[in-house]
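Asks: In order, the protein sequence lines correspond to chains A and B. Heads up: the first sequence is residues 1 to 515, going by this note's numbering. Heads up: the second sequence is residues 1001 to 1304, going by this note's numbering.
Please note that a few of the clues may not be correct.
As the list claims (entries may be wrong) - Among the chain A residues that face chain B by a calculated CB cut under 8 Å, a handful are:
{"no.": "1", "residue": "314"}
{"no.": "2", "residue": "332"}
{"no.": "3", "residue": "336"}
{"no.": "4", "residue": "339"}
{"no.": "5", "residue": "480"}
Said to hold, decoys possible - To give an idea of the chain B side of the interface with chain A (calculated C-beta under 10 Å), a few residues:
{"no.": "6", "residue": "1031"}
{"no.": "7", "residue": "1033"}
{"no.": "8", "residue": "1077"}
Hint data in this document are derived by calculation from the structure and do not stem from the laboratory. This one's a predicted model, so the numbers in the text were calculated from it and none came from an experiment. Where a beta carbon is used, it is the ideal one built from N, C-alpha and C, also for glycine.
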Amino acid sequence: MQMWKNTLAVSLAIFMAAPPNFAANHREAPITAIDHKADITDVFAFRSYDGGATPRVTLILCVDPLQEPGNGPNYFPFDSDILYEIKIDNNNDAVEDVVFQFRFNTEQRLPNLFQVYAGVPGGANAPPNSPPPVAPGTPIVPPQITSFSDAGLGQRQTYSVTMVKAGVSTAVNGSGPFYAVPENVGPRTMNYNALFNAATYTTNTPNVKVFAGTVDDPFWIDLGGAFDTFNTHIFPVLSPAHDAASTNFAADFVSGYSVNAIAIEVPVTMLTRTGAVEPANSTAATIGVWGTTSRARLTTRRAPLPAVNSGSWSQIQRMGNPLINEVLIGTGFKDRFSMDQPKNDIQFANFFLDPTLARVINALTAGAVAIPSPPRNDLLPVVTYAPPIAAAGTPAGPIADLLRLNTGVAPTPPATASRLGLLGGDPAGFPNGRRLFDDVTDLALRLVVGGVLAAPFPGYNPAINGMLGDGVNVNDTAYRTTFPYVGNAPSGRDRRHIDPGEPGCTAGAGLPCPI
Amino acid sequence: MLILLALLLQVGVDASTFDARKTAIRRLLADRDFSAAIERAKTLNREWPDDIAAYQLLAEGHLGMGDYPDAERAIQWMLDLRIGKADFQGWLILSRFREAVGDTEGALDAVNMASVQLAAEDQSRRSHLLLYAAHLQLLAGRLELAERALQAAGSTNDPLRIETLLRLRGAQGKRAEALRIVRGQEGALHPRQLFLLAEVSRDPGRYTAFEKAAREIMKTTDNANVELALYYAGTGNRPSEALRIARAESARRHDVSTMCALAVALFANRQTMEAKSTMRNVLAVGTRHPEILRHANRMGVKPR
């Protein structure tokens, strides 16, 4: 009984924690609409495809959506009060067996300057006519930031990585601190690319690499069109030419924005329950991945001293598959979904297996897009361990929103990979895990109306159901081809957001949209 | 709107009656029909799990029923889902939970937080809060602070006022004043309050009036069966009737007051081992209610 008192004593202080941040972005739940630092935008999990003899998995957690790269002077650091976690279920019960935890520490190194990053190539000193008391020649502006030790990096973040396995926590360390890449402020202030390149750390755990920082938002979508009650600029069916193109025919609404990304690459053997690289037909090969953000339940305000967090963690957000909470879960359920555990997802089964989204598309097209009848068992492979992702005979486990990855499926070389993943005949793509370049918007639309993971339902028309899409096929920025794979953040000085009205961005007419 | 409409059709929620259903549950809670209230609140919660009012109703039902772990779960969800945004009712429920598990100081903290949520002109709820604060201060043995809170609450029809006044005057040894307070109002008192009055006054006539009134509502949910069992186990000297009533009531709910009455009735019937075991279970919840502790002390059961 004492435990209750402790728990609720801690809960009391939640109301003193109150970290409200207000910004417009594509947040999927009311609670993260007011706590965007804790808002998970995307989770990726895929077999690393940058070569090497050891089969590895890259796990990426992106948070804090739609960062405007020019939004100084403070920009968008990771929140030191948040516990960021990537969780892995490897025994089909939707409960985490391996967890990677990330905590950030923020250091302010230029307390007298009005912005957190400053620099010019060569630095700038006080000129001969500098009024006293500043003597001519006194350094005023530090040299351009090219490394994490440079003076101009006024706001510097380090982070710790902890692996929790079988209840045992193990620090994942490197030869020095892990620094997070800051926002790409602009070409005068910093050499962002140099910082990015320096921020991939090998660790003292063999074959484990880590990265954290502000990067290009790797997602792409006709976001404004999608939430104008599916008034996307191309709707609902792509032409074969549009479908096949590696370019965009509608504007990528998240172009020119950045997010904060945490990436870790680990050997497959660290993730499977057998500790081995299992073949794809093994029932032990498939793992379930999801990310979470949590805040401490107790915050003590001690002004003028800094606030102190303590107590247990309260989960703010979670994400496994893309777009589940965004376009499947009902508005009255989103917060509960965000804060609950995947093992309890049976309560949301109706949203998974009779998706309202499918019915909306069916209605908006006056039935031209036929949909299967519920229960939509064809969608079970997305929310349980089932073929074609998991090997036949794999225990299905409970219905749970996990990003399932068959670690036995070898990565597809980028040159032959399909943006349509499994539906495009590429066995290493979504919904078997998720790579950065998997077009999950088109995939989700086709999955939700298609029945395509099982035998297509009667009424399925491959020229319609199989060609749904928003006309945004690729990201606005190139992804890297090696870990951490995410692309450079747009320049704060020179960023641009591609608009629907731009030449070519006219719903497929004329030239493709600029990328 | 289409999505909303489809969603509503899908899960069967009729938004227009959602508030009406909450009102109906509040009525059940006021009538102490906890089991029906819980069932309806669960349905409401399943249909709209982000609505914190359903968690509040669930918590109130579980508190009344004596399902403290379930109450805690509902309250924790209520708190987690609205970080930084608890409302008055949420704080009050948290306070009542803390009182139930013996955390009187934590309950007072929650009362303070609830007061922050109140608009200056919301005198009715402010009065209720002050009365509840007085009740908690009384539980903590701080009679002067209880008196101050009671005075600050002012004159109000809130039933908590008469109960707190009677208890406080009893604790202050001001029995005559307690009787003066209720003079002319006794006909309007609930049998539970009549029992309190009888206990404070130790007047046989008032016990008789209580017994008559309590027996008339025995079969309702908003009864005074706990008080009746305590009366028969003690002053009324009908131990077997006390046990019969206490067992029947404890089959319906198992909050600390009901189970304490059962323990007292068992003890009066010389079923000492079961009485002590029952009382130990009551104390294990954490309650520090003075009347419960007094009964426990009589049985030789000490709180841990």
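Asks: Now look at each hint and say whether the structure bears it out.
Replies: Okay, the hints, checked on the actual structure:
1. Given the 8 Å rule on beta carbons, the hint for residue 314 of chain A holds: about 5 Å separates it from the nearest Cβ of chain B.
2. Taking 8 Å as the C-beta contact cut-off toward chain B, the hint placing residue 332 of chain A at the interface holds, the least distance being around 4 Å.
3. About 4 Å separates the beta-carbon of residue 336 of chain A from the nearest beta-carbon of chain B, less than 8 Å, and the hint is met.
4. Annotation: interface hint on residue 339 of chain A holds; nearest CB of chain B at approximately 6 Å, less than 8 Å.
5. With a cut of 8 Å, the hint placing residue 480 of chain A at the interface with chain B is violated, because the nearest CB-to-CB distance is about 36 Å.
6. With its C-beta approaching chain A no nearer than about 27 Å, residue 1031 of chain B sits outside the 10 Å limit, and its interface hint is violated.
7. A distance limit of 10 Å between C-beta atoms decides the matter here; for residue 1033 of chain B the minimum to chain A is near 25 Å, and the interface restraint is violated.
8. A distance limit of 10 Å between C-beta atoms decides the matter here; for residue 1077 of chain B the minimum to chain A is near 8 Å, and the interface restraint holds.
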